[in-house]
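Following the hints, complete the assembly by docking chain C onto the known chain Y.
Protein chains in written order, with the working numbering: chain Y, 135 to 268; chain C, 109 to 370.
Source of the hints: derived by calculation from the structure; they are not laboratory data. Hints should not be assumed to be uniformly reliable.
Below, a list of computed lysine to aspartate or glutamate pairs in the EDC-like style, where the Cα atoms sit at most 16 Å apart [stated by the list, open to error]:
hint	chain 1	residue 1	chain 2	residue 2
1	Y	K185	C	E259
2	Y	K247	C	E128
3	C	K217	C	E312
4	Y	K226	Y	E246
5	C	K317	C	E364
6	C	K237	Y	E253
7	C	K190	C	E202
8	Y	K211	Y	E237
9	C	K211	C	D310
10	Y	K226	C	E259
11	C	K224	Y	D194
12	C	K166	C	E134
13	C	K322	C	E311
14	C	K222	C	E365
15	C	K193	C	E128
16	C	K295	Y	E253
17	C	K215	C	E320
18	C	K295	Y	E250
19	C	K190	C	E134
20	C	K190	C	E301
21	C	K292	Y	E253
22	Y	K185	C	D226
23	Y	K164	Y	D194
24	C	K242	C	D226
25	C	K268	C	E202
26	C	K244	Y	D194
27	C	K291	Y	E253
28	C	K215	C	D310
29	C	K295	C	E132
30	Y	K176	Y	D241
31	Y	K166	Y	E237
32	Y	K247	C	E259
33	C	K242	Y	D194
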Amino acid sequence: MGRRNKRKLKHLLLFITLLFCQNNYFSQTKTKISGIVNNNEKLFSVSIILKDSINNSFLDYTYSTDEGNYSLSTLKKGKFNLTFSSLGYRTKNVSFAITNQTEIKIDAQLKEKPFELNEIIIEADKVQQIVDFY
Amino acid sequence: MKKILLIIFFNIQLQAQEREILVEYEVHYNTASPRVKTSFLAIYNNTSSKFIELPNYKLLNEKNNENVDIVNINFSQKGTVKEVKIDFTENNLESIEKIFMNKLIFKVKENIPKIKWDINFTETKLIGKNKCAKAKTFFRGRSYTIWYSQEIPLGFGPWKLVGAPGLILEAYDETLTYRWIAKKIQKVDSQFENYSNMVTYDEEITLKKFIEKKYGNQTDIVNFNKKIKSKLPRGTKLVIEMNTNRQGKELIFEWEEETKEN
Numbered sequence: 135m136g137r138r139n140k141r142k143l144k145h146l147l148l149f150i151t152l153l154f155c156q157n158n159y160f161s162q163t164k165t166k167i168s169g170i171v172n173n174n175e176k177l178f179s180v181s182i183i184l185k186d187s188i189n190n191s192f193l194d195y196t197y198s199t200d201e202g203n204y205s206l207s208t209l210k211k212g213k214f215n216l217t218f219s220s221l222g223y224r225t226k227n228v229s230f231a232i233t234n235q236t237e238i239k240i241d242a243q244l245k246e247k248p249f250e251l252n253e254i255i256i257e258a259d260k261v262q263q264i265v266d267f268y
Numbered sequence: 109m110k111k112i113l114l115i116i117f118f119n120i121q122l123q124a125q126e127r128e129i130l131v132e133y134e135v136h137y138n139t140a141s142p143r144v145k146t147s148f149l150a151i152y153n154n155t156s157s158k159f160i161e162l163p164n165y166k167l168l169n170e171k172n173n174e175n176v177d178i179v180n181i182n183f184s185q186k187g188t189v190k191e192v193k194i195d196f197t198e199n200n201l202e203s204i205e206k207i208f209m210n211k212l213i214f215k216v217k218e219n220i221p222k223i224k225w226d227i228n229f230t231e232t233k234l235i236g237k238n239k240c241a242k243a244k245t246f247f248r249g250r251s252y253t254i255w256y257s258q259e260i261p262l263g264f265g266p267w268k269l270v271g272a273p274g275l276i277l278e279a280y281d282e283t284l285t286y287r288w289i290a291k292k293i294q295k296v297d298s299q300f301e302n303y304s305n306m307v308t309y310d311e312e313i314t315l316k317k318f319i320e321k322k323y324g325n326q327t328d329i330v331n332f333n334k335k336i337k338s339k340l341p342r343g344t345k346l347v348i349e350m351n352t353n354r355q356g357k358e359l360i361f362e363w364e365e366e367t368k369e370n
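Isolated chain Y, as found in the complex (with noise of 0.2 Å):
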């Protein structure tokens, strides 16, 4: 092997490793959140909304598939509130922390609630001209 190859392979090696590191630093900090929502079958299409406790601020969001399976992540420690909700469902939320962990399984079983829908009449507001807008 000559002088330049080894050259060649020590960079590549260090290359390597240098990417080993990154790959550990993002894998610390991104936590996944994942789980099944059922009530005797699997839900479809229930929103789960990621809440930090302290704000209530929305950090992410999704809806469960056709399986019932949902999945979150956040790079966010603490706590933080779940919310599975649904119409015809009752909402349920879930509270838990974030210290180290790289993955949280939480499933929800939500209860059925009969669904009733008042008419609602939202007032109707002015033509408004486009400069009102900004």
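Relative to the frame of chain Y, chain C by itself:
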């Protein structure tokens, strides 16, 4: 036996139609001649929706600036009823579209677009009694701002705006050319079914093929120019300036964005 089967089937259908919701929107087109249309969004069982826009419109008077009044009401029945149908169980979106100077009505099929909504906003406002939060996205060449209900967990909205954390009650694009605002939330009624039955089409086509047809070789427009020319006296020079820029809601498509990046 047949009767029993029929009854059972009917029962299932009734149950399946249990969770329905109908939203009425006013659509503001701030285009060359500003107009307001009425549209409806029906959502079935949290998984599919039907959005219908009626052809009737009210023209808005631009000149009268003090209080923008509705002056001209035009109820022509000739126009097409537009529809956007979304079915999440089959990942399918169908829309009724027309091409300028083409008599055919197309049913355009595509996969449901995956819209990434930026929900990182703290602003809220009330639309009716609904507490709504703000979200933004960039979709097919336009930036949209929406206000979605925090109490109605349905990822549907007017036109093709899907996948927000809640039901969209107001949406507008950055240039305010298009704006949808909810007027009423109720149960699906027979009137909506009537409108829905008015939807017709001549040809089924994929989105990619439709766009090729719409913007590819513009034979329809060439024919249109010929038609005008034939009605003018001999020797008249006809100059037609066509706007080659795309107009309408969708200005660029996903596959075009990919090629641009390359």
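Against the structure, the hints:
1. Y:K185 x C:E259: OK: Y:K185 and C:E259 at ~15 Å, within 16 Å.
2. Y:K247 x C:E128: Satisfied, since the Cα-Cα distance of roughly 14 Å is no more than 16 Å.
3. C:K217 x C:E312: Roughly 7 Å separates the two Cα atoms, so the pair holds.
4. Y:K226 x Y:E246: holds, 11 Å
5. C:K317 x C:E364: With a Cα-Cα distance of about 13 Å, the restraint between C:K317 and C:E364 holds, given a limit of 16 Å.
6. C:K237 x Y:E253: Holds, because 11 Å separates the two Cα atoms, which is no more than 16 Å.
7. C:K190 x C:E202: Roughly 11 Å between the alpha carbons, so the hint for C:K190 and C:E202 holds.
8. Y:K211 x Y:E237: Given pair Y:K211, Y:E237 holds - Cα atoms ~13 Å apart, limit 16 Å.
9. C:K211 x C:D310: holds, 9 Å
10. Y:K226 x C:E259: This hinted pair holds, its Cα atoms lying about 13 Å apart.
11. C:K224 x Y:D194: The hint holds at about 11 Å.
12. C:K166 x C:E134: holds, 11 Å
13. C:K322 x C:E311: holds, 14 Å
14. C:K222 x C:E365: Answer holds: C:K222 to C:E365 is near 14 Å, not above 16 Å.
15. C:K193 x C:E128: holds, 15 Å
16. C:K295 x Y:E253: Roughly 7 Å separates the two Cα atoms, so the pair holds.
17. C:K215 x C:E320: The hint holds at about 15 Å.
18. C:K295 x Y:E250: With a Cα-Cα distance of about 10 Å, the restraint between C:K295 and Y:E250 holds, given a limit of 16 Å.
19. C:K190 x C:E134: This hinted pair holds, its Cα atoms lying about 14 Å apart.
20. C:K190 x C:E301: OK: C:K190 and C:E301 at ~14 Å, within 16 Å.
21. C:K292 x Y:E253: holds, 7 Å
22. Y:K185 x C:D226: holds, 14 Å
23. Y:K164 x Y:D194: holds, 13 Å
24. C:K242 x C:D226: holds, 9 Å
25. C:K268 x C:E202: holds, 10 Å
26. C:K244 x Y:D194: holds, 14 Å
27. C:K291 x Y:E253: Status holds; Cα separation ~11 Å.
28. C:K215 x C:D310: holds, 8 Å
29. C:K295 x C:E132: holds, 11 Å
30. Y:K176 x Y:D241: Satisfied, since the Cα-Cα distance of roughly 11 Å is no more than 16 Å.
31. Y:K166 x Y:E237: holds, 5 Å
32. Y:K247 x C:E259: holds, 15 Å
33. C:K242 x Y:D194: Answer holds: C:K242 to Y:D194 is near 14 Å, not above 16 Å.
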